[in-house]
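Go ahead and model the full structure; you've got the sequences and the hints to work with.
So the protein sequences, as listed, match chains A and B. In terms of our numbering, the first sequence opens at residue 1 and continues consecutively. In terms of our numbering, the second sequence opens at residue 1001 and continues consecutively.
Honestly, the hints are just simulated from the structure, not real lab data. Note that the coordinates shown come from a computational prediction; the quantities given were computed from them, not determined experimentally.
Some chain A residues judged to face chain B by a derived CB distance under 8 Å, without partners named:
no.	residue
1	F151
2	G159
3	I165
4	M169
5	Y171
6	L175
7	I298
8	L338
9	L347
Note that beta-carbon positions come from the ideal geometry of N, C-alpha and C, so glycine has one too.
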Amino acid sequence: MKAFPLTRLIDRAALLFLVLVGAFAIAIPVLNLLVPPSSALHVSTYLVALFGKYICYGILALSIDLIWGYAGILSLGHGAFFALGGYAMGMYLMRQIGTRGVYANPILPDFMVFLNWPELPLYWYGFQHFAYAALMIVLVPGALAFVFGWFAFRSRVTGVYLSIITQAMTYALMLGFFRNNFGFGGNNGLTDFKDILGFNVQAEGTRNALLIISCLALAIGFIICRAIVTSKFGKVLVAVRDAESRTRFLGYRVENYKLFVFTLSACMAGVAGALYVPQVGIINPSEFQPGNSIEAVIWVAVGGRGTLTGAVLGALVVNYAKTFFTSGALAPYWLFMLGALFVGTTLLLPRGIVGSIKHGLSLRADAKSAAAEDGQDAPVDAPQAAPHAAE
Amino acid sequence: MGPIYDRILAFVFVLGLLIAGTGLAHADPYTDALAGFTTDDFSDTVDAINAVAVSGNPLAAPLIEALQDQRLMFSAKDKKVFIKTKDDKLLDAATGKPAEGAAPDDIDNVRLNNRVRGVLDAAVGSLTLMSPDAGRRYDAAQAVFKSRDATALPALEKALAAESNARVKRAMGEARAAIMLNSADATEADKVAAIVTIGNRGDQDAQALLDSLPANSSADIRSAAAAASAKIQRSLAIWNTVQTAWYGLSLGSVLLLAAIGLAITFGVMGVINMAHGEMVMLGAYTTFVVQELIRTRNPALFDYSLAIALPLAFIVAGSVGILIERTVIRFLYGRPLETLLATWGLSLILQQAVRSAFGPTNKEVGNPSWMSGAFDLGGITVTYNRMWIIVFTLMVFVALLGMLRFTRLGLEMRAVTQNRRMAAAMGIRTSRIDALTFGLGSGIAGIAGVALSQIDNVSPNLGQGYIIDSFMVVVFGGVGNLWGTLVGAFTLGIANKFMEPFAGAVLGKIAILVFIILFIQKRPRGMFALKGRAIEA
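What follows is the structure in structure tokens.
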């Protein structure tokens, strides 16, 4: 474990990360609100919303890195938790529209009036209160993850089997949310938001505030993850990742460790989704697409799994590249790029950006202290001898 | 044109009918009926049509046909009726010979209205009841059953008496019962007998007929109808179940086809190939290209297009599979999660490559003639393309099983799967076997693409729709076990179709997914897990 010297909660890299996030949270609103539009340094409101979106993706990547990088759980359904948090926030925002909707119904959202629903379904009750919605943002993804994980980890579903059923889970949810009679707006989803906590969601001030809150959430999420992975609990998680059976034989209740970290991760993904929705202004069932969840996993892989900072970096880099490519003449080639990223990262850069840097640094430190070592360290995942199917 | 001549004609005709065994008694009414067409009165026309229809005269059929096409002419002055042929010649309706002399100057069409047309349709029905072709007689009996036209009864009785084909005879009996049921002058006993006959028929039409019984019928009739109705409902329920099971088999075969290649790459080799769906897509596009070439070069070969596409699809998808294995997957053995991500990336690249080459829209892939159409089997409808896909799937499955069991390559594949090091020590080139196995799995996916192009939209997203279902089938059935895949695919297909009626298509699918998720929790290695003491490292 030389690659991750996890002795203190905030090591140098973590401090650097927190400072950067803080600087970002201060600099962008300043450049947007205080620097005049004529200046070259001015940041447009469009970019503020875009950066806010990236930060939300960063939180999602963080939640995936916590379970994949440290507990070896590859979830291909984290987009579902993200979207559920988003829907909870969307429901609050829908209830805030009130009589300003197209049909001016004080209680029912437009799509329910359109579908001739006589009254609000029971599960929409209470979402006009922000506190209740905030609770649901954490509770709904958390509860789903808890139930799902309780079944999965107790019966020792691991590895790719778990990945595939998490993918099936988000796929099933997608099919459900596409239906009108589920009561979440069918394939149009929830949109046309007006206010959040009394502030106009479109206003510059609100957007900047949302960006700052997202950065804050990212920082808090990061510190929580650090606290977990640097604790004894975190050591056990790494042990589960590297040798699950052995950890179990040593007397640890592996499924409890996994369940806790999986549920926590889902809650974080829910918060990310909730912050995402007011900034992009829409939530619809396509967020549940299995492809989205897998894409989020590749952010983590690019940045470096098991590094936390790398996951966030990966989310920013890949999404910036996506915006850059899909908005220009290169749009048709974006999928080639993304595909190549998947293949290239797994083949050529298995540690990711941050992981490779850390590895390189630790190698240099080793070289200084003991001249004997050369660069032939075992990779992060020691390849096993054979593709094993007959187990 | 004297009456003597008609008598002779009639005699000859009757003789002919007697020889044919139809037992038709007399044929004079035909000539008499013709007069009805000359009065230019709808009621007379209707009577005349009915009389002609039961006359048994060989001229009746062309006459009715002419009337339907507005080619029946009459002259009120001469009291004569003419059939105008399609090439505008006049025939004397009484004799069927070309009309003598010039056409009368007051010649005019026999006019039709809706009532007459209705009667005409029934008349056509009763005429074809005597057709020499059993199939046409059967159709005619069915037509009478549906129309319940009492005027067809005499013709029906005659035909029934003469009928020798059991299937047609039953249909005629049912038609007769349908008429009896609605007729005012049938006796109570006749009606009860009719209800029993209809109850034995046991389909939706029979039920509709019983439902149309007047409410003031006697108690006997009502109880008979209730009994028959219950019988029909039972029969309908059985056929419904059979139909649903058939749809389920059909869906199951599609699932099996899509999953069977995966059962090799994932099940046997343990490689998670998320680009598997794209191999199916490549196969479908190969079919498209083959059909395009055939359309432009040699349309006569169109019916063979699928046979030509099959080996090509196998080669195309198989070589892409080998290429992927050699360039990417072999570096990732033992790291299943990384394999999953890398192959997902490959699937994106393949999709985008096809999208760039062929465009994002759906491509038209045609059905060869032997795959289009449908036939009725008992109470269900079977489409040819679904039937052939089931047959084809089973053939592929058997061929694959045989290959693994009886060929040298199959033996080596099993050896490498069971104990890689031992196999290598015995001189098997394991890396070559890996590449070939992966190529085989991919090639079979390509073949699946040929079949699926017949029932699905051929677009770059084709594979995406199958990948999750395929994994579900393989995992549900048990990894590393082809029989498990077979049972898994058909179980899921049939379960899905049986849930659809009361859960809806989407909810049914969700329920299946939830079921599998729960099932995997219970039996993490699938239905037919290989037994062993292996524990994951």
